[in-house]
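All chains, please: the whole structure from these sequences, using the hints.
In case you want the letters, here they are:
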Amino acid sequence: MTAPSLAAAPAALTGRRNLEGNEACALGAIRAGCRFFAGYPITPSSEVAETMARELPKVGGTFIQMEDEIASMGAVIGASMGGVTAMTATSGPGFSLKQENLGYACGAEIPCVIVNVMRGGPSTGMPTRPAQGDILQARWGTHGDHAVIVLAPASVGEAYSETIRAVELSETLRVPVVVLLDEVIGHLTETVDLGAVAEAPGIARPFATGPREGFLPYAETADLVPPMPRPGDGYRSHCTGLTHGPDGFPTQNPAVAAAALTRTTDKLVLHRARIESWREQATEDADLLIVAIGISARAARQAVKDLRAEGLKVGLFRPVTLWPFPETPLREAVAAAGTRKVLVPEMNQGQLVLEVERVLAGRAEVTGLSRIDGETLTPDEIAGAAREALK
Amino acid sequence: MEIRFSGSGGQGLLLSARILAAALTEAGLTVAQSNAYEPVSRGGLSRSDLVIGEAEADYPLAQRLDVLLILDEAAATVSTGLLTPASLVLCDAERVTTPPQGPFRTLCLPFTETARTLGTPRVTNIVALGALTAQTSICPPEALMAVIVAQTPARFERLNREAFAAGLAMGETEPA
Amino acid sequence: MKDTKTETAASFDVNDYLRQDRMPHFLCPGCGHGIALRALLWAVHEQGIPKDRLAVVSGIGCSGRLSAYIDANTFHTTHGRPLTFATGLKLARPDLHVIVITGDGDCLAIGGNHLIHACRRNLDITCVMLNNEIYGMTGGQVSPMTAEGRFTTTTPEGNTEPNFDACALAAAAGASFVGREVTAQVLALKTLLGQAIAHEGFSFVEVLSDCTEIYGRKNDLGASPEMMLAKKSAMRPYAYRNTVDVPFRPNALRTGVLTRTDRPEYGAAWRAMAARIREEE
Numbered sequence: 001m002t003a004p005s006l007a008a009a010p011a012a013l014t015g016r017r018n019l020e021g022n023e024a025c026a027l028g029a030i031r032a033g034c035r036f037f038a039g040y041p042i043t044p045s046s047e048v049a050e051t052m053a054r055e056l057p058k059v060g061g062t063f064i065q066m067e068d069e070i071a072s073m074g075a076v077i078g079a080s081m082g083g084v085t086a087m088t089a090t091s092g093p094g095f096s097l098k099q100e101n102l103g104y105a106c107g108a109e110i111p112c113v114i115v116n117v118m119r120g121g122p123s124t125g126m127p128t129r130p131a132q133g134d135i136l137q138a139r140w141g142t143h144g145d146h147a148v149i150v151l152a153p154a155s156v157g158e159a160y161s162e163t164i165r166a167v168e169l170s171e172t173l174r175v176p177v178v179v180l181l182d183e184v185i186g187h188l189t190e191t192v193d194l195g196a197v198a199e200a201p202g203i204a205r206p207f208a209t210g211p212r213e214g215f216l217p218y219a220e221t222a223d224l225v226p227p228m229p230r231p232g233d234g235y236r237s238h239c240t241g242l243t244h245g246p247d248g249f250p251t252q253n254p255a256v257a258a259a260a261l262t263r264t265t266d267k268l269v270l271h272r273a274r275i276e277s278w279r280e281q282a283t284e285d286a287d288l289l290i291v292a293i294g295i296s297a298r299a300a301r302q303a304v305k306d307l308r309a310e311g312l313k314v315g316l317f318r319p320v321t322l323w324p325f326p327e328t329p330l331r332e333a334v335a336a337a338g339t340r341k342v343l344v345p346e347m348n349q350g351q352l353v354l355e356v357e358r359v360l361a362g363r364a365e366v367t368g369l370s371r372i373d374g375e376t377l378t379p380d381e382i383a384g385a386a387r388e389a390l391k
Numbered sequence: 001m002e003i004r005f006s007g008s009g010g011q012g013l014l015l016s017a018r019i020l021a022a023a024l025t026e027a028g029l030t031v032a033q034s035n036a037y038e039p040v041s042r043g044g045l046s047r048s049d050l051v052i053g054e055a056e057a058d059y060p061l062a063q064r065l066d067v068l069l070i071l072d073e074a075a076a077t078v079s080t081g082l083l084t085p086a087s088l089v090l091c092d093a094e095r096v097t098t099p100p101q102g103p104f105r106t107l108c109l110p111f112t113e114t115a116r117t118l119g120t121p122r123v124t125n126i127v128a129l130g131a132l133t134a135q136t137s138i139c140p141p142e143a144l145m146a147v148i149v150a151q152t153p154a155r156f157e158r159l160n161r162e163a164f165a166a167g168l169a170m171g172e173t174e175p176a
Numbered sequence: 001m002k003d004t005k006t007e008t009a010a011s012f013d014v015n016d017y018l019r020q021d022r023m024p025h026f027l028c029p030g031c032g033h034g035i036a037l038r039a040l041l042w043a044v045h046e047q048g049i050p051k052d053r054l055a056v057v058s059g060i061g062c063s064g065r066l067s068a069y070i071d072a073n074t075f076h077t078t079h080g081r082p083l084t085f086a087t088g089l090k091l092a093r094p095d096l097h098v099i100v101i102t103g104d105g106d107c108l109a110i111g112g113n114h115l116i117h118a119c120r121r122n123l124d125i126t127c128v129m130l131n132n133e134i135y136g137m138t139g140g141q142v143s144p145m146t147a148e149g150r151f152t153t154t155t156p157e158g159n160t161e162p163n164f165d166a167c168a169l170a171a172a173a174g175a176s177f178v179g180r181e182v183t184a185q186v187l188a189l190k191t192l193l194g195q196a197i198a199h200e201g202f203s204f205v206e207v208l209s210d211c212t213e214i215y216g217r218k219n220d221l222g223a224s225p226e227m228m229l230a231k232k233s234a235m236r237p238y239a240y241r242n243t244v245d246v247p248f249r250p251n252a253l254r255t256g257v258l259t260r261t262d263r264p265e266y267g268a269a270w271r272a273m274a275a276r277i278r279e280e281e
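Chains as they are written, first to last, in UniProt numbering: chain E, 1 to 391; chain L, 1 to 176; chain C, 1 to 281.
In case anyone wonders, no lab produced these hints; they're calculated from the structure. Among the clues, some could well be false.
As the list claims (entries may be wrong) - Computed list of lysine to aspartate or glutamate pairs in DMTMM-like fashion (alpha-carbon distance at most 20 Å, straight line):
(1) C:K51 to E:D233
(2) E:K305 to L:E172
(3) C:K231 to C:E148
(4) E:K305 to L:E2
(5) E:K58 to C:E281
(6) E:K58 to C:E148
(7) E:K305 to E:E327
(8) E:K305 to L:E56
(9) E:K341 to E:E355
(10) E:K391 to E:D287
(11) E:K313 to L:D58
(12) C:K51 to E:E213
(13) E:K341 to E:E327
(14) E:K305 to L:D58
(15) C:K218 to C:E157
(16) E:K313 to E:E365
(17) C:K51 to E:D247
(18) E:K58 to C:E157
This one's a predicted model, so the numbers in the text were calculated from it and none came from an experiment.
Here it is, written out as structure tokens:
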């Protein structure tokens with residue numbers, strides 16, 4: 001048997017079709033080259049696993065339902081260590097369980113994609129009802145300082161295209177990427193034009209190709225992404241969750257430890273331009289700017305149109321890459337428009353608003369609008385809060 | 001345009017909505033479908049909403065219903081807040097005993113009874129889909145029928161055709 | 001008569017399989033893990049597995065550190081989870097020989113659920129559990145393998161919990177190869193590990209290792225030789241099972257191959273199913 005090729009045939013998906021958000025995540029991942037999925041059933045994300053179970057065998061991939069959430073995260077990292085692009089999907093309680101292994105992937109720089117379809121919480125919460133309560137957990141869920149990327153699709157089309165981008169960023173930067181959906185987007189069916197989605201870029205993990213002798217698996221390269229040794233290629237290197245130096249072996253040397261940890265976070269700063277993504281709607285002259293993600297951003301999108309029709313200067317700033325937060329673009333949008341007020345509607349008790357307050361640091365008056373009853377924020381609610389703020 | 005299919009779990013509401021969505025998509029429209037049901041496989045309030053437009057909806061969830069279909073008393077009142085004077089409400093004459101009251105048009109039609117006469121109440125949703133098509137002229141009946149045939153088991157084809165035709169006829173006899 | 005044992009021993013140099021730049025190792029004097037590691041690498045050598053195709057996955061604890069010393073593709077993963085990483089690795093890369101090195105705490109406490117499901121699934125992985133009856137790395141806390149009455153830092157008055165029979169557990173959960181050996185029997189251990197590696201399916205080997213520095217001292221079990229000999233005298237090798245000497249050798253500790261079945265290997269079964277799906281497409 002030989003090592004499987006990453007260039008297995010892509011799933012044939014073109015044209016307009018009605019897809020569910022969760023299904024779109026799975027199909028996007030396969031389109032991007034994902035060939036391994038390990039998961040565990042949990043509402044409201046199970047359709048990702050179900051789609052993978054159906055589709056992966058067709059493209060020479062592997063699906064496995066593991067014994068628990070922790071195991072599925074471990075299996076995904078194991079497959080990725082073997083050189084195969086891998087993904088898992090879960091929701092709140094499962095996302096909590098995956099955090100330790102997710103931290104391993106951060107520390108050992110193992111590419112992997114984790115779809116988290118947010119439901120009500122804490123604990124078992126309201127499994128079938130939407131929420132956006134994992135905004136901070138997605139960033140800081142695992143212990144210690146770490147680099148992680150979080151993408152927040154607001155439509156089914158984006159669930160597809162952003163999962164493709166998640167695979168691309170994860171593979172090329174060697175960093176775990178979380179695709180953060182809310183239950184509405186995960187279970188929403190929308191007409192999407194897959195032909196209109198840009199072709200998956202040439203997603204290629206940087207595998208080590210140089211001399212075996214003296215190979216350093218975590219060498220500090222110019223792009224801060226060390227080429228990854230693939231088992232069987234002759235490098236016979238070591239991979240550990242312990243803090244390690246360029247040689248991959250544990251170290252407690254303060255200088256080596258600091259440099260190693262700093263590189264993994266500096267990596268995202270260096271590649272920020274490629275990672276960052278956001279959308280603006282009617283921001284040019286906005287007196288009031290709404291900052292929102294997911295279904296709250298869709299409600300805001302209509303609220304902005306309704307308010308503009310009333311003559312109110314309101315715009316929407318939507319982070320598509322949630323973490324690292326597009327802080328400079330937000331500051332620039334506020335500065336360019338002379339925005340006085342910022343409204344942050346979210347389905348939690350105020351998580352995104354904390355980051356917006358930090359980023360704007362007094363440049364505009366920031367107010368939150370929260371809803372935590374398992375119902376979505378509606379365009380009317382957001383428009384009402386915007387009118388109130390502009391009074 | 002916003003259409004809600006509502007009733008109790010097991011009445012094929014999600015399937016009806018998916019069939020209509022597929023037909024509309026083929027006709028070039030853009031559809032958003034969202035579902036809600038209680039965490040039981042059979043029984044319990046169930047609904048499926050379609051938000052239909054030329055392009056992706058800003059907000060993909062229903063806010064003001066153009067058409068509300070109610071197939072069971074369990075769903076009789078829950079959607080009233082989303083109705084406007086322009087709304088059309090289609091109720092099952094047998095299973096909805098207290099149709100919503102208000103400044104909108106309500107039609108109570110024998111969906112279940114017709115389906116039972118055809119052989120099984122399981123095709124009630126297809127009868128209703130026929131009546132809805134006739135009342136709204138939302139898409140050509142042939143296009144919808146083609147999707148029904150494509151998305152349901154072959155052994156139900158004849159029954160589904162009869163159910164859809166009966167629903168169309170029922171809808172056409174009522175003033176649109 | 002040809003002395004095959006000597007010949008094999010002569011052709012095997014453990015240094016060929018160790019990362020020399022990682023020496024000296026961190027194991028305590030008298031620790032049984034070094035003997036187990038040598039036996040494992042000897043078995044790998046005898047099975048003719050190229051180092052480039054060997055993947056060793058370990059968890060956390062004293063056993064977890066061993067992977068770093070092996071000149072192969074090595075993965076030191078999270079506590080209790082090496083079997084999950086190994087499952088992903090083996091499914092994604094069936095061309096690799098995947099060996100898991102784990103400890104009694106790693107495998108049976110925090111990782112217990114993964115063990116029983118790995119046994120049930122029967123993926124072609126060799127799981128070597130080094131049982132030293134203690135959490136050594138964290139300073140000597142009670143483990144699921146600590147015998148009743150033993151003293152540990154978290155059972156200062158003696159352990160009141162019963163321990164597992166790990167091999168019976170693995171066999172009951174469906175492992176298609178189960179064996180146990182003591183460190184005093186290096187050749188038997190090497191042979192057992194070789195059989196486990198050669199076995200197609202999930203193989204579980206419990207190595208009764210010796211924690212002299214922490215467990216031994218705390219329980220007054222003597223130095224390494226005493227601990228090893230005590231286990232050796234308690235063992236009941238396969239050859240002596242069901243023999244007439246039972247009344248004279250009431251030894252309870254069964255060693256050698258304990259279970260061997262030819263259940264279908266999971267990876268092959270899955271790939272066959274996937275191939276069928278692709279053909280039907």
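Status of each hint after checking the structure:
1. C:K51 to E:D233: holds, 11 Å
2. E:K305 to L:E172: The hint is violated at about 37 Å.
3. C:K231 to C:E148: holds, 16 Å
4. E:K305 to L:E2: holds, 18 Å
5. E:K58 to C:E281: holds, 8 Å
6. E:K58 to C:E148: Cα-Cα ~53 Å, so violated.
7. E:K305 to E:E327: violated, 25 Å
8. E:K305 to L:E56: holds, 14 Å
9. E:K341 to E:E355: This hinted pair holds, its Cα atoms lying about 15 Å apart.
10. E:K391 to E:D287: holds, 11 Å
11. E:K313 to L:D58: Holds: K313 (chain E) and D58 (chain L) sit about 18 Å apart, inside 20 Å.
12. C:K51 to E:E213: holds, 15 Å
13. E:K341 to E:E327: Measuring from Cα to Cα gives roughly 16 Å; hence the hint holds.
14. E:K305 to L:D58: The given pair, whose Cα atoms are some 9 Å apart, holds under the 20 Å limit.
15. C:K218 to C:E157: holds, 12 Å
16. E:K313 to E:E365: Given pair K313 (chain E), E365 (chain E) holds - Cα atoms ~16 Å apart, limit 20 Å.
17. C:K51 to E:D247: Holds. K51 (chain C) to D247 (chain E) sits at ~19 Å (cutoff 20 Å).
18. E:K58 to C:E157: Roughly 59 Å separates the two Cα atoms, so the pair is violated.
Hint compliance for this structure: hints 2, 6, 7 and 18 are not met, and every other hint is.
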